[in-house]
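Colleague: Sequence:
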Amino acid sequence: MTDLNKLTLLDAKKGLEMKKFSSVELTQDHISKIEKTRHLNAYVTDCFESALTQAKESDARYTNDKAGKLEGLPLGIKDLFCTKGIRTTAGSKILDNFIPPYESTVTKNLLNAGAVFLGKTNMDEFAMGSSNLTSYFGPCVSPWKRTNDDKDLVPGGSSGGSASAVAADIALATTASDTGGSIRQPAAFTGTVGIKPTYGLCSRYGMVAFASSLDQAGPITKTVHDAALMLEVMASYDVKDSTSINTPIPEYAKNITPNIKGLRVGLVKEYLTNLSDEMQALVDQGIAWLKDAGCTFKEMSLSTTPYALPTYYIIAPAEASTNLARYDGLKYGLRVNGETLDDMYERTRRDGFGDEVRRRIMIGTYVLSAGYFDAYYLKAQQVRTLIAQDFDRAFQDVDVIFTPTTPSPAFALDETPKDPITMYLNDIFTVTVNLAGLPGISVPAGLSKDGLPLGLQFIGPRLSEQTLFNAAHAVELAADFKHKTDHLKRI
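The opening residue of the sequence shown carries number 984 in the working numbering; numbering runs sequentially from there.
For the record, the hints were derived by calculation from the structure and aren't laboratory data. Check each hint, because a few of them may be wrong.
Label pairs and their computed distance ranges (CB to CB) [stated by the list, open to error]:
| # | residue 1 | residue 2 | range |
| --- | --- | --- | --- |
| 1 | D1375 | G1121 | 40 to 50 Å |
| 2 | D1029 | K1049 | 19 to 29 Å |
| 3 | Q1263 | A1395 | 49 to 59 Å |
| 4 | G1121 | A1308 | 44 to 54 Å |
| 5 | I1082 | N1320 | 17 to 27 Å |
SDA-like cross-link-like pairs, simulated, lysine to any residue; straight-line CA separation at most 20 Å [unchecked claim]:
| # | residue 1 | residue 2 |
| --- | --- | --- |
| 6 | K1252 | F1280 |
| 7 | K1039 | E1008 |
| 8 | K1252 | Y1220 |
| 9 | K1052 | T1036 |
| 10 | K997 | N1238 |
| 11 | K1244 | F1378 |
| 12 | K1049 | D986 |
| 13 | K1002 | D986 |
| 14 | K1091 | Y1220 |
Computed from a predicted structure; not experimentally measured. All residues carry an ideal CB built from backbone N, CA and C; glycine is no exception.
Kindly produce the complete structure, drawing on both the sequences and the hints.
Modeller: So, in structure tokens, the structure goes:
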């Protein structure tokens, strides 16, 4: 069979179970397509030899009726997850040659379920970015093109390589991570599905840390059902992560239902004012779909919303400053020799970190310094508590909150805002979810006037992933988003 790479995760799983094709054939087809799409720069490290070995082992397990939940399914792994014996860089020069001696819990869960690893996907350096332009390995490119020009577009960030790989059908699904929108924003930019789970649902053990109180692993996939299946496997309680939630993981995929009659949907005025005409039209269409599905609506205000971005861009750099202090050239990673120990530190960090990472380290160091800690970091933590309380009150009256995922469609590589703050505004609809530790899902729902994907987002209370999957699936059915095929002809 040809074009096996275009299958969804669930359809590929069914095909393997029915022995319509083998995992080796499925994996080889993906490898061939990866070779033909190198210009996308979606992968920074290939694992083709080991992937084919894993595929052969999966075929044997199918023969012996010992197949796991993701047996023989080829995935891409964001280069933020440590993979034993496989280079893990977090998109940074300072970790260019780091080969972990251990496996992250998320990737271990996937391997235990029989998944095949195609390679490590490109990303913004240390997950700091909204475009995948800060990667040491060069920008990743979206497989999408505008209808009126041929410019290369960003896939979003920081999980740009993961989103591009799924959109281009060079991975059935991928792992990703979300600190302020880094799963949902690239999913919206590339016409894919991305869920950021409740903080603590997926273990952070073995994930290269950016901002520890905000980082959370999740999947990017082709469909809502695929996202549900991936999350079932990725999520687990882990004693190695003190923030891990000890809760049973439901069979999300089997429990998805399009029947959401009676679902109470919140419309937050702060999220739905000053939208562009095309984004407003998409939101209106989404509301119409949800009304047709029997949902009820409540208009509400989250008064702390204007403070979310400033709060995030104090807390996240502060935690990054602390986490990235470990990269000093001593035990692992890049080392640039100097005349003294301090000189070595300075040279290593100056040469090893990119501009955006250095910027955030400096911001973080500043807000944590004596004389400014109370005025900035402590105040930001207090506002964060108010944001979480705002959501708690809202979810007393509604089951989910409905918003756009991003303020605009993807932009071209040469249209990147020169002002960092303008770039940070791409996260305006997503950062509140991370600050409050809540789950959020983005589902593709339409096209911009230039023919680019636009996403809609559902936010729910803690551990409401099943409700989010149900709501997103209802929109998925109504939107019937099948535009990707036409655009992929232009790859």
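Colleague: Which numbered hints are broken by the structure, listed smallest first?
Modeller: Hints 3, 4, 8 and 12 are the ones this structure does not satisfy, whereas the remaining hints hold.
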